[in-house]
Structure formats: structure tokens, C-alpha cells
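Trainee: Residue-level listing of the chains:
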Amino acid sequence: AQTVTQSQPEMSVQEAETVTLSCTYDTSESDYYLFWYKQPPSRQMILVIRQEAYKQQNATENRFSVNFQKAAKSFSLKISDSQLGDAAMYFCAYLGNQFYFGTGTSLTVIP
Amino acid sequence: DSGVTQTPKHLITATGQRVTLRCSPRSGDLSVYWYQQSLDQGLQFLIQYYNGEERAKGNILERFSAQQFPDLHSELNLSSLELGDSALYFCASSVGSLEETQYFGPGTRLLVL
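In the order they appear, the protein sequences are chains U and P. The opening residue of the first sequence carries number 1 in our numbering; numbering runs sequentially from there. The opening residue of the second sequence carries number 1001 in our numbering; numbering runs sequentially from there.
Hints are computed from structural coordinates only; laboratory data are not their basis. A few of these clues could be false.
Unchecked claim - Distance condition first, Cα-Cα at most 25 angstroms in a straight line; then the derived DMTMM-like pairs of lysine to aspartate or glutamate:
id, chain 1, residue 1, chain 2, residue 2
1, U, Lys70, P, Glu1099
2, U, Lys70, P, Glu1100
3, U, Lys78, U, Glu52
4, P, Lys1009, P, Glu1062
5, P, Lys1057, U, Glu52
6, U, Lys70, U, Glu15
7, P, Lys1057, P, Glu1099
8, P, Lys1057, U, Glu29
9, U, Lys73, P, Glu1062
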């Protein structure tokens, strides 16, 4: 079965600094999608970034970028120039035949 | 604001009861998804409907059912409720498929006493 592991339950970063959130997954599928979702205190889920497994180029969205290592089954999220509004729970998700979410990483941004 | 609406925002009920959660997708979106977020199970995908038809099924219990109506709104029915069903239930919508960008509603918080 596919699983998604986020090994960092909590992370903190100084405002304006860079932080990397880790995610690994287990799968035997060759075609799949990976996502990072943000859940702020409002509890609403917001898509941060997505990556198609067939694409070698890492996805980027403004200050957010991923390091996708398909062979290592790793999908980390880098947040550059961290802002107070980035404080949230971040979920890594895998979509193949099924949709699986990691357990989340709580990110604190220190002013 | 994602454009996805969910009602009610909060629901408190007793074990054994049945409740219905409602979701209206963004204008133009044909797919609706339901998710459950609980403390012990984390975030789980339940089911997807596309233009009125069931498209994908996740970890949805047999006590739960969903449907999507001709106007594309969707309802998630939870019956024979148990304490463990207490969770935040999200609805999301997208134009078509699971791999597309999904827009999440604010969620319905269900508390089963």
C-alpha cells in the first residue's frame, strides 16, 4: 500500500529565512502526482504546489519550491523568505490509484 | 475564499443518529470530493463524484454515502454515527479529475456525543 511519511511533526523558522519540510512516500506505481497543502489555523486546506511524477523539473510557485527525487521517493518543500502568514500545518499528499496524505508538519514562523 | 461552500459549519449530534452534510462546488467545477480529517486517522480521502457519477472511492465506510445532484451540489450522509466519526469533513471541487487543483471548502465540524 502507498504511504506518505512526514517525519517532522514540528518545524520552526525565523522570518525571512528558508525552511525545508520533508516528505517521503512508498509506491510501486510509476505515474502519480504529489502535492503540498497548507492548513492555516482557519483549518481550510490550500494547495501550495503540485508535481507530476513524469516531470523531471521541480515545480516552483513563487517562494515555494520542491525537491522531487523520484528514485529516492522523496518530495520536500522549500519555503524561501518565510513570512508570518506561512505559519500553518503542511500536508504532503500522494495521488496514484488512491489519494493519501501524510500526518502533517506544523510550521511556526518566528518574528 | 475558495468559492466552495459547506453547510452547516458545525454539527453536534448523538451516537446512532444520521446527519447530512452539504457542499456546493465552485461555479464551473464538475467534480466534488469529500475528505475526513480526524485526530487519530489524519486526513483521508472519502469519495469523488464527477457530474453526478461516482468516480473514485477512498476509505469511505459503508455507513457513509454520498451523492451529487444535477445542479452539482453534493451531500454526504453519515448514519449510525459513532464517537469516532467526530471529525472535520471537507468538501473540495475541481473542474474534472483528482490530479487537478482542488479547491477546499471551509469544512463542517461534526461532534458526536
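Trainee: So, for every hint listed, does it hold in this structure?
Mentor: Hints, one by one, checked against the model:
1. U:Lys70 with P:Glu1099: 18 angstroms, holds
2. U:Lys70 with P:Glu1100: 20 angstroms, holds
3. U:Lys78 with U:Glu52: 17 angstroms, holds
4. P:Lys1009 with P:Glu1062: Roughly 24 angstroms between the alpha carbons, so the hint for Lys1009 (chain P) and Glu1062 (chain P) holds.
5. P:Lys1057 with U:Glu52: Holds: Lys1057 (chain P) and Glu52 (chain U) sit about 21 angstroms apart, inside 25 angstroms.
6. U:Lys70 with U:Glu15: 31 angstroms, violated
7. P:Lys1057 with P:Glu1099: 14 angstroms, holds
8. P:Lys1057 with U:Glu29: The given pair, whose Cα atoms are some 18 angstroms apart, holds under the 25 angstroms limit.
9. U:Lys73 with P:Glu1062: The given pair, whose Cα atoms are some 33 angstroms apart, is violated under the 25 angstroms limit.
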